[in-house]
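J.: If you want the building blocks of each chain, they are given just below.
There are 2 protein chains.
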Amino acid sequence: MTVTLISSASKEVRIGYDLPFVIIGERINPTGRKILAEEMKQGDYSRVESDALAQVAAGAQMLDVNAGIPLADEPAILAEAIRVVQAATDVPLSIDSSIVAALEAGLSVYEGKALVNSVTGEEERLEQVLPLVAQHGAAVVAISNDETGISEDPDVRFEVAKKIVERAADYGIPRCDVVVDPLVMPIGAINSSGKQVMHLVRRLREELKVNTTCGASNVSFGLPNRNGINSAFLTMAIAAGMTSAITSPLHAEVMQAVLGANVMMGNDPHCANWIRKYREPAAEGEEPGRGRRSRRRRNI
Amino acid sequence: MTVTLISSASKEVRIGYDLPFVIIGERINPTGRKILAEEMKQGDYSRVESDALAQVAAGAQMLDVNAGIPLADEPAILAEAIRVVQAATDVPLSIDSSIVAALEAGLSVYEGKALVNSVTGEEERLEQVLPLVAQHGAAVVAISNDETGISEDPDVRFEVAKKIVERAADYGIPRCDVVVDPLVMPIGAINSSGKQVMHLVRRLREELKVNTTCGASNVSFGLPNRNGINSAFLTMAIAAGMTSAITSPLHAEVMQAVLGANVMMGNDPHCANWIRKYREPAAEGEEPGRGRRSRRRRNI
Chain F
896 MTVTLISSAS
906 KEVRIGYDLP
916 FVIIGERINP
926 TGRKILAEEM
936 KQGDYSRVES
946 DALAQVAAGA
956 QMLDVNAGIP
966 LADEPAILAE
976 AIRVVQAATD
986 VPLSIDSSIV
996 AALEAGLSVY
1006 EGKALVNSVT
1016 GEEERLEQVL
1026 PLVAQHGAAV
1036 VAISNDETGI
1046 SEDPDVRFEV
1056 AKKIVERAAD
1066 YGIPRCDVVV
1076 DPLVMPIGAI
1086 NSSGKQVMHL
1096 VRRLREELKV
1106 NTTCGASNVS
1116 FGLPNRNGIN
1126 SAFLTMAIAA
1136 GMTSAITSPL
1146 HAEVMQAVLG
1156 ANVMMGNDPH
1166 CANWIRKYRE
1176 PAAEGEEPGR
1186 GRRSRRRRNI
Chain C
896 MTVTLISSAS
906 KEVRIGYDLP
916 FVIIGERINP
926 TGRKILAEEM
936 KQGDYSRVES
946 DALAQVAAGA
956 QMLDVNAGIP
966 LADEPAILAE
976 AIRVVQAATD
986 VPLSIDSSIV
996 AALEAGLSVY
1006 EGKALVNSVT
1016 GEEERLEQVL
1026 PLVAQHGAAV
1036 VAISNDETGI
1046 SEDPDVRFEV
1056 AKKIVERAAD
1066 YGIPRCDVVV
1076 DPLVMPIGAI
1086 NSSGKQVMHL
1096 VRRLREELKV
1106 NTTCGASNVS
1116 FGLPNRNGIN
1126 SAFLTMAIAA
1136 GMTSAITSPL
1146 HAEVMQAVLG
1156 ANVMMGNDPH
1166 CANWIRKYRE
1176 PAAEGEEPGR
1186 GRRSRRRRNI
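Keeping their order, the protein sequence lines are chains F and C. Note that my numbering has the first sequence beginning at 896, numbered continuously upward. Note that my numbering has the second sequence beginning at 896, numbered continuously upward.
Calculated directly from the structure, the hints in this document are not laboratory data. Be aware that one or more of the hints could be misleading.
Which copy? The list can't say, so a pair holds if one copy fits it or any two copies do.
Claimed, not checked - Computed list of lysine-lysine pairs in DSSO-like fashion (alpha-carbon distance at most 27 Å, straight line):
{"no.": "1", "residue 1": "Lys906", "residue 2": "Lys1104"}
{"no.": "2", "residue 1": "Lys1104", "residue 2": "Lys1058"}
{"no.": "3", "residue 1": "Lys1090", "residue 2": "Lys936"}
{"no.": "4", "residue 1": "Lys1090", "residue 2": "Lys1172"}
{"no.": "5", "residue 1": "Lys1104", "residue 2": "Lys1172"}
{"no.": "6", "residue 1": "Lys1104", "residue 2": "Lys1057"}
{"no.": "7", "residue 1": "Lys1104", "residue 2": "Lys1090"}
Please take these sequences and the hints and turn them into a complete structure.
T.: Set out below in structure tokens:
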């Protein structure tokens, strides 16, 4: 079994086929969050800290940290955000940037073994990112596109992933430290993208023997009731062998889908996590349906 | 592709791999429903009728009708219930009994091509039920247990299903008219039962090339938040190739899982059903989470 070990100064997270699915919280990302972007730019990391705490409380085992703000000093901001998050929580982090200098700055302040997010199959990225990953003994997210873009053919994306795994090995990075993102297309635009991803995840697991991750919410782009689609996607992806996702743990419905999938895959021994979470009526507001039902019961 | 065609006097339902998943409403069943049992025994079918209408309104494409009441004239009651349901709705029916005379009485009044629920791999049942199915040109649910009980080994259950398909062929019943129930064990008791069923469903589809159904709610027996587990189970079973289930369409969460699974499998062209269902804010009470959110938004 391929196990990817990621750590903070005091905590380890293991990503693997026969282990509970790993949720990497996606919220600390200024893309599309104007207020957060402005605050981070001004050196105010209070929302970064509260987002970190809220996601861990909601069940994220890891957090993704991104500081992609136009016209800002991304390396410095990413490094500071990582310092803040590591001071506030003990979960391992994914260091997320498209700028190599920012990944480098993040890695230089990170305590533990980080997940670097990400490298693609593009030659220039491979040559810049992989030495950095190797030097810091980190793991890396490998996105299955290259200079030719994102192929609609999942078997072409498999070949890109395979190339990245081979190139990583040349730098001394073992395949257990390459977590492949198969790339999930919006199913509203490409109706076959669900089946494509399941086919690709199964090949990545059975043939390339790597762990996998994805930005899960992309699948529902443009559709109503996105959490419903995201839940169906994650459940099926886990059945196909997906082992982690970068998504928001703050949606109770999505978290329930992941916990239910852990039960169905036999990765929640004695259903202990499920029973602990759902045995008692939920706290007010956390799960409206259940709360309402139990109130009604008391009134009768 | 194997397609199972079931019909009423005026409507056809097709069960198949590349078609939307078929929900067979389970509610018309007096087991564990004292009031319904008493009413049916007294000749009052008003609840049978309203249960039929409610399930069709909630999205059931077929209805299961069961009249298993201790010390009652089950053949007569089942026949009458079928008459009532066929008068009230136009969906095809599954005629459900463990008593052969009741199946016979149900078939004799049924208009269309019914689904007979069920035959097992037990010699006596095969010899009694299959001629009846052949005589009426019906389809049949084949439950994968035999005289030795229900094996925990899915490959043994596969062999039982194979035997039933072969015996059905001897009676002139084609494999497209045998819908196999792989038997779903409570996952709270047998933690591996989810993986077992997925393995078995995949073999039934790829090797035996039959359609499948199951009593979906059995999987969550004994656990809290049963709809959450049932949703995870159905989503994964559909990904593995399950093509129908006998379950309650009255749980919005379970129906959402099935509709989401149809989208993910590419069996909801242009996501049209999904968009139609979830485009507008849900009616009050139907989906508490969504309703509450939209109210809050209006208040801001």
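J.: At most 27 Å between alpha carbons: which applies to lysine 1104 and lysine 1172, within, between, both or neither?
T.: neither (32 Å within a copy, 39 Å between copies)
J.: As a check of your reading, is lysine 906 near lysine 1104 (CA-CA no more than 27 Å) within one copy, between copies, both or neither?
T.: Only inside one copy: lysine 906 and lysine 1104 sit 25 Å apart there, 48 Å across copies, limit 27 Å.
J.: Measure nothing new, just compare the shortest in-copy and cross-copy C-alpha distances for lysine 1104 and lysine 1057 to 27 Å and report within, between, both or neither.
T.: within (10 Å within a copy, 33 Å between copies)
J.: Taking 27 Å as the upper bound on the Cα-Cα distance, should lysine 1090 and lysine 1172 be classified as within, between, both, or neither?
T.: For lysine 1090 and lysine 1172, only the inter-copy Cα distance (22 Å) is at most 27 Å; the intra-copy one is 31 Å.
J.: Is it within a copy, between copies, both, or neither that the alpha carbon of lysine 1090 lies no farther than 27 Å from that of lysine 936?
T.: neither (41 Å within a copy, 48 Å between copies)
J.: Pop the pair lysine 1104 and lysine 1090 into one bin, within, between, both or neither, using alpha-carbon distances up to 27 Å.
T.: The answer is both: 20 Å in one copy and 19 Å across copies each meet 27 Å.
J.: For lysine 1104 and lysine 1058, with the copy left unspecified, which applies at a CA distance of at most 27 Å: within, between, both, or neither?
T.: within (14 Å within a copy, 36 Å between copies)
Going down the numbered hints, you'll see the structure goes against 3 and 5, while the others check out.
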